[in-house]
Structures are given as C-alpha cells and as structure tokens.
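Construct all of the structure, not just a fragment, from the sequences and the given hints.
Numbering follows the working numbering, in which position 242 of the sequence shown is assigned residue number 242; successive positions increment by one, without gaps.
You can trust all of the hints, since none of them are fake.
DSS-like cross-link-like pairs, simulated, lysine-lysine; straight-line CA separation at most 25 Å:
| id | residue 1 | residue 2 |
| --- | --- | --- |
| 1 | Lys114 | Lys134 |
| 2 | Lys114 | Lys129 |
| 3 | Lys134 | Lys115 |
| 4 | Lys134 | Lys123 |
| 5 | Lys45 | Lys23 |
| 6 | Lys115 | Lys129 |
| 7 | Lys45 | Lys271 |
Calculated from the structure, these hints are not laboratory results.
Here the structure is a predicted model, which means the values were calculated and not measured.
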Amino acid sequence: MDKPAGMSSHDVVRVVRRTTGEKSIGHLGTLDPMATGVLPLLLGKSTRLAQFFGQAEKSYTGGIRFGFATDTYDADGERVGETRPLCKSLDELRVLAERFNGVIEQTPPAYSAKKINGVPAYKLARAGKPVPVKPVQIEILNFELLSLDGEVAEFAMRVSAGGYVRSVAHELGAAAGCGAHLASLRRTQAGVFSLDDAITMDEMERFAAAGELPQHMPHLRALLPEMPAVTVDAETAGRIRNGMAVNVPEFSASERVKIFSGEGELLAIGKRIAGTLVHPEIVMG
Numbered sequence: 001m002d003k004p005a006g007m008s009s010h011d012v013v014r015v016v017r018r019t020t021g022e023k024s025i026g027h028l029g030t031l032d033p034m035a036t037g038v039l040p041l042l043l044g045k046s047t048r049l050a051q052f053f054g055q056a057e058k059s060y061t062g063g064i065r066f067g068f069a070t071d072t073y074d075a076d077g078e079r080v081g082e083t084r085p086l087c088k089s090l091d092e093l094r095v096l097a098e099r100f101n102g103v104i105e106q107t108p109p110a111y112s113a114k115k116i117n118g119v120p121a122y123k124l125a126r127a128g129k130p131v132p133v134k135p136v137q138i139e140i141l142n143f144e145l146l147s148l149d150g151e152v153a154e155f156a157m158r159v160s161a162g163g164y165v166r167s168v169a170h171e172l173g174a175a176a177g178c179g180a181h182l183a184s185l186r187r188t189q190a191g192v193f194s195l196d197d198a199i200t201m202d203e204m205e206r207f208a209a210a211g212e213l214p215q216h217m218p219h220l221r222a223l224l225p226e227m228p229a230v231t232v233d234a235e236t237a238g239r240i241r242n243g244m245a246v247n248v249p250e251f252s253a254s255e256r257v258k259i260f261s262g263e264g265e266l267l268a269i270g271k272r273i274a275g276t277l278v279h280p281e282i283v284m285g
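Here it is, written out as structure tokens:
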C-alpha cells in the first residue's frame, strides 16, 4: 500500500480487511500516522512469511524542521524547549549529518512501539510514566541533506531495520544547537517493495470492486528474491503437504527455497537438508 498521511498502519489494515474480506492481515513494519508511502501487507496464508522479511532495509525522503524539538520527535508532537533560529548553512548541516552515516548507537523515541517489559513505550509515555528506552545498534547506509529552504532541510535516507528517522532528526537538531523535528516523511522502499509496486487506498477499493486486485499485487515468485524458486509435480506436492522431506529440482546454493505447485501457487518454504533434499519449513497449504 501507498499509505496516506493521517492514518495509522492499523487503520490501513482495517480498511484492507474490510475491502478484501480477508481477516488475516499483517504488515511488515509500521509507519507513523504522519508518514506516507510504502507499507507492505501480507494477506491470508502469506502472513506465514513475515519472519523472512524482518531485516529489510528501508529508504525515505522527507523534511527536517529546525528551530525547536518536540516530545515525539516529529510534527505531531508538543513543542519542547525554546524556539531558536537556525544559524547554520546547508554545508555546515551536511558536515553534522555525516556523523550519522554508518553503524551507530541510536536511542528510539519515547513515543514509539519499542517494547519495554512487554509494554509499548508510547503507552508509558502517554501515561506520564518513565520510559527507559535503551540505545540499539543500527546502520544508516545513506543520509544526505538535499536542500535547505528557510528552516526546513529536505533529505534522503536509507537505514537498516529498527532505525528511527525521527531520532536522527532530533539528534541532528541538538547537534545544530537549535533543536529540530521530523516535519514530513515518505517511505520510498521497504526491502524489495517500492513505490512503483504500491497502490493507493482509492486504487485498492476500485480494483477490488472490479475484481482486479490480485493482478495489482506482487507475484509470489517475486517475493523473497534471495531464495531460488522450484516447481514440483503433484506427487511431490502431496508429500510436502504432509510435512515430508522431498527431493526437489536442482537449485542454487541457498539454505532455503521457494517451492511452487504450478506457476502461481506457493506451496512451501523448504530448508535444505543435503543436496536437493529439503524439509518443508513452512507449508502454505
């Protein structure tokens, strides 16, 4: 989905569930309500594949507003501290931004979904309770300030799973000496999924009404491209459905393989035992 601003990821799931009639839906990494862009969803039996998407890198564009920080580190939060003018040029801000590239320790925002003893941090923050979020190691593969218009710097970023763009905006503002927060955010890519693959809410409802929604979803063979795909005959498919180890057609050096019955039916994810002998780690049906 190309998520619109003003909706939570859970709001999008509710609309997709109502539109498609599919009760089992999972998302691959939430987007904050103010953010837009790529929100991959798994429907039906495909939710069983979620475990294989956990470490996907994500790419973003957006704007950072300098002058004051907020408690949520973005434009939806309450102002924290005094308003101070930005006294640095774009080139000076770019020098500061360089320190965020690479492997860094990052403290997630208090208003985030990070779990603390099983409770989302944002619930503790809203209740006025202490939020002892701990720094985590992430990798920012690219963080570039593209332009500066008044108090707002446009940027592009590519970050590992678990990274918070809001935290980067907040910390860059602190380094600049005037505070800052995330003014806008658009996710342009999540793993193999890009905006070119995404459809809007209106498009989804229109495609669903015309019975054309499946044609606008990524083909199952395109998912998890790091795993080779093989097609098995009916007898082998039956053995796989019964959870039995089977020999499949030769595939490249990979620990796991996507096993299809026919062109479009993803039957299972198989884990190599030896040679072409695989065990069905996940059976789709």
